[in-house]
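Note that the protein sequences, when read in sequence, are chains H and D.
One point on numbering: in the working numbering, the residue at position 167 of the first sequence is 167, and numbering is uninterrupted.
One point on numbering: in the working numbering, the residue at position 22 of the second sequence is 22, and numbering is uninterrupted.
None of these hints come from the bench; they were simulated from the model.
One or more of the hints may lead you astray.
[To be verified] Short derived list, chain H residues pointing at chain D, Cβ under 10 Å:
no., residue
1, 164
2, 216
3, 238
Idealized CB from N, CA, C, for every residue including glycine.
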Amino acid sequence: MSILVDASTRVLVQGITGAQARRDVAHCRAYGTRVVCGVTPGRGGMQVEGLPVYNTVGAALATHEIDATLIYAPPYAVRDAVLESLAAGIRLAVVLAENVPVHDALVMRASAERAGALIVGCNTNGILSPGQCKLGGIGGDLPARVFMPGPVGIVSRSGGMSAELALTLKAAGYGVSTAVSMGGDAVPCTPMVRYLALFDADPGTEATLLFGEPGTPNEQEAADWLASRNSAKPVIAVLAGEFQERYPAGTSFGHAAAMIQDPRDTVSAKRQMLADVGAHVVRRLGELGPLLTRLGVTRAVEDAT
Amino acid sequence: MIALTEDLAKAYLQSRGLPVPAGSAAATADEAARRAEALGGCAVIKALVPAGRRGLAGAVRKVGSPTEAREAGAALLGSDVGGHSVEQVYVEALEPIVAELYLSFVLDRYPAQVIASVHGGVDIEQIHRDHPDRIHRLNVDPVGGLRPWEAMRLWERCGIESARLPSLAALTVGLWQAFVAADALMLEINPVAVCADGRLSVVGAMLGVDDAALARQPQWQAMAATLASRGGRRANARERSVLEINARVPGAVFRYTELDGDIGFFVGGGGASLFQHDLMLALGARPANHLDATPGAGWKEKMAAVVDAILARPGVRGLLISYNFLQLVNVDERMRLIVDHLKLRGVDPTRFPVVVRLFGPGEDRAREIARELPGLVYMPPMTPIEAAVARIVELTGGPRGTAG
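For reference, chain D alone in the conformation it holds in the complex (with noise of 0.2 Å):
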């Protein structure tokens, strides 16, 4: 999932017609001042960082001044929010607010789901573990979409007024459809404000979008990489040269995470890594990274990248490459690749250990390829995929007592 910073979420639902308050992006103490002044002095300055609970954290200031913009914006800038280094702030009207609602739509699983609390404005997890009946859910068709109908009963049962009904219903069915198209995982509005005078305001937004929808999502597509994220925070330099060469040229994925171990992990699908990982650590041993890669076009290079950025990584102590058995690609051409590039980057596996777990046609050729890199070990035919584990383990120190 791309989660985007609250300006980007907030031009969006802006572009889509939604009430969002006047606001913008602000580098400097000096800029968020300006911002503040235009917005005639009284303002919420916001740390834009893609993260949760920034309330707590200290990173929402309203300010009375354009002076008191620029010491907010001074003291959020450079620090660090929920992980995330500050590196602009959100200078933003202040709302007359009255009451606070929480809105947010989720697909995690099917079918897609609205979420609503007149409790808005706070932790809404707090409210989950303290009071769940205050929180109401509705399932939505896929299909039919969300009608204002149920939007009105979804309110209703939430505990809103009859004369407030009609214009927050609207308001759903308008941000559930922004979900919609902006191919969303995650749209969570926190608070939805109601005004002193009125009017219905979208003032917390965080949107969390589909990696798979994003070609079709130009407006963002640009930015993928970058805001992109990795175990929780931002990918770093080596990551990014994965996920910038997944963005260039399109075919096979390779999903690159950088963990805290020392046994590079270059193991092909989604179940045989999950597996695999679990192998190693059962053996006291810890991945350096985490890999998902899916075939397709590319996958030459975006291999080739993969292994350079597991090579570059400090600390790292040999090298697992570990497929499932291959149905439908050459054993032999990935191994070509593998010995081609290992020599290209100097390695010498009698120093730095690499085990190749790789089956399937072609595999005779493959074992001649082999043996061009000495000290290279290829699993013995049908060796089962826990020995593979067992031999990098034990190639890169043995087994370490039981996993921490």
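The following block holds chain H by itself, in its conformation from the complex (with noise of 0.2 Å):
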């Protein structure tokens, strides 16, 4: 099982013609996912790889049933791009684009949310429901390598921590359910709590592992809902960037989201919070394995090598 993403979910991909889309479209479909069509403005009429291509969305869904569109645009047309998707009536997208500006992540998001939609992004490697679908680069052209189907949902807010941790779990026995690389801007177009509410109302994840980091209310957010939630599935959390509180605050590293601003966005804080409403608090990478054992996390059936 698995959230927002399976074999069934037919996809659409924007900006299709670039190079990055061409790559990430070819390990997507030799990995299973349905791709069944394109759009580049001024393009329409080409084919990539078999593939038609639109000039517009709305084009598009005039020819196909869609239901999620991998959004390929250059940052300052990411907003258009997503704006279009969302008013011809598309209900899923993943953005990949990094460095797109903060005000227009504010009208993604207030958009997204008056339509009833999810963006993941923007500035994500993608989603991966192992051995069913992926949409980005995540996974790379063999994402056997580090995702194993599972039971064992993962959200994170840096996808090459989404990786590691598939890894980790994978040497330990343990395969994933979905794997969501967020995106790790200081406005998220989803904020996390909204996955890990996904995540416990599947039935195929039995425990849900999250990737925080310091700065934006994504942290905060999960703990209340934790301690509001009718559900006990476990809740595992990996919080880095604790050297931040040796520096005065508002000190920024380069990764502007994982900025502190306020005490309550300090990575001590978190863990505390996330503590508080019963989640399991991880330091090392090396205690997951010991701990999904103990929680009862089913692990897969093959050899985990």
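Combine both chains into one complex, guided by the hints.
What follows is the structure, given as structure tokens:
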């Protein structure tokens, strides 16, 4: 089981004619993702690897049924690409671009909330349900190296750490239901808590693993949600960036979102808030396997190599 | 965030038709005197640094004549304010202020907020601590923007009298629009002055702009590298060299911040670098820098520029190059660049320890390439992320006891 995407998800690729899109789309299709068509303004009528290309999302929808869009627009074109997909009625978008201006992210998030849609990103390497579907570069050309099917949901503010966590789980014999790299920006288009709730409701997910960082209210919202939910499904939290507390508040270490603005934004405070409401807070990746065993999470049948 | 100096912030607000006092920058005391004279003698002389609380630091001085302006300029120029060396002063017309209000716009999370108080002209953080009820906040709808009636309600809650509300609301909406148009993350007006003749005037202005939006804000793009701050201070020459190559070649972004440790820290990816930085401190060692690297075009020259900056730093005792399992990039290309560049710079890993954790496609070829540089420690396949950090700490002198 999985959240958001599975083997039946029909995918549109906006910006399909670019080099990164062509490479990723080839990997996604080889993995089984049902890519049905693409959109690139000005390239309507073209074909990319046998897929028809349209000028607008509306034109693509006139011919195809589409569940999700994978967006390769460059940073300053992302906002309009997302708004176009929302206007056309698509309810799931994955936005890969990094360095999207924060004001654009505000508009996208508000528009998605109004439309009842979910936008993964910006600044994500994608979302992957092992053995079924991947959207974006996540997992690269051979996702099976890193992601094994299983009952652990992953939501991570870091794309690289999604893979690192999945790899650690795999080495310990545990697989993943869906891995979501939610994006590392100061204003993600969807807050972490939304993914946690989806995993909580997914019968195929037995435990959820989150990776948090300093800055943003994502982890605090997660703690508030944990305190109020009617479920006992385990949530495991790995948080990094405690070192920033040695420096004055507001000091930027480059990663704009991971900046402490408020005492509640520190990793120490987040660890405490999450632990207080029953999350399992882990400091070393090596602790994950033994913890999942203690929690009775189902191990993969296949040999973990 | 790019923190603009007051002259740039005010020139921008003025260009949008907002009421800013006449003023300009001066680099010498004589120039400050001439500018004060042009304003009629009475003026305010302010240290032109991107720091708050200048008033408290004595860096804002009222003068009554060009002579006093010269003295104030001489005292401020070359001094240190909030960790910044004062290279210019801002000479501004003195407004006949009868009341001071506080107004700011902040975008550090969803959604953006307007913050207002009738207690302007002082340290707002002090007001926040002592009288949090005197500060009023409003979330702004990102799609609709700030509406005049919402601004009016906000100021009404602050206690502003009816007659003043329309003009104050109009100014607030104008500033909100300037905030959005600038791709700003922070705009603080402290104070908004109410003048004796009833005018409103933007007397204090601090503007911080989103780095990611600079390419569509050409008025500030050229000064991005000089304005960029690193850890609350201006970037130094090594940090600027990395900023400049980021600006020159679009694509990959390497954010390099120097710290006071002694282990060169070349760690890819935002999350991985936070995680490994914590691990290093837990072992009692300290990184010489932090790095946040994101992939993209131009990564080879940018990676080389960061390695050069680390190697140029006095006192650095070793180098950790450690990535998450790479999913898209060929590991051998990374290793080729690392080995060639370290050879080019004459680095001998038997004397200057270099530990590499680099796994993913092309790893077999990468391991062959690594053998060209004797002494380079390439962590065995699938080694946990913790082990590479422990290894560089061990090779550069071992655990330093508990983190300080």
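Here is what the structure says about each hint:
For residue 164 of chain H, the interface hint holds, since its Cβ comes within 10 Å of a Cβ in chain D; the closest pair sits about 5 Å apart. Checking residue 216 of chain H against chain D by beta carbon gives a least distance of about 6 Å; that is within 10 Å, so the hint holds. Taking 10 Å as the C-beta contact cut-off toward chain D, the hint placing residue 238 of chain H at the interface holds, the least distance being around 8 Å.
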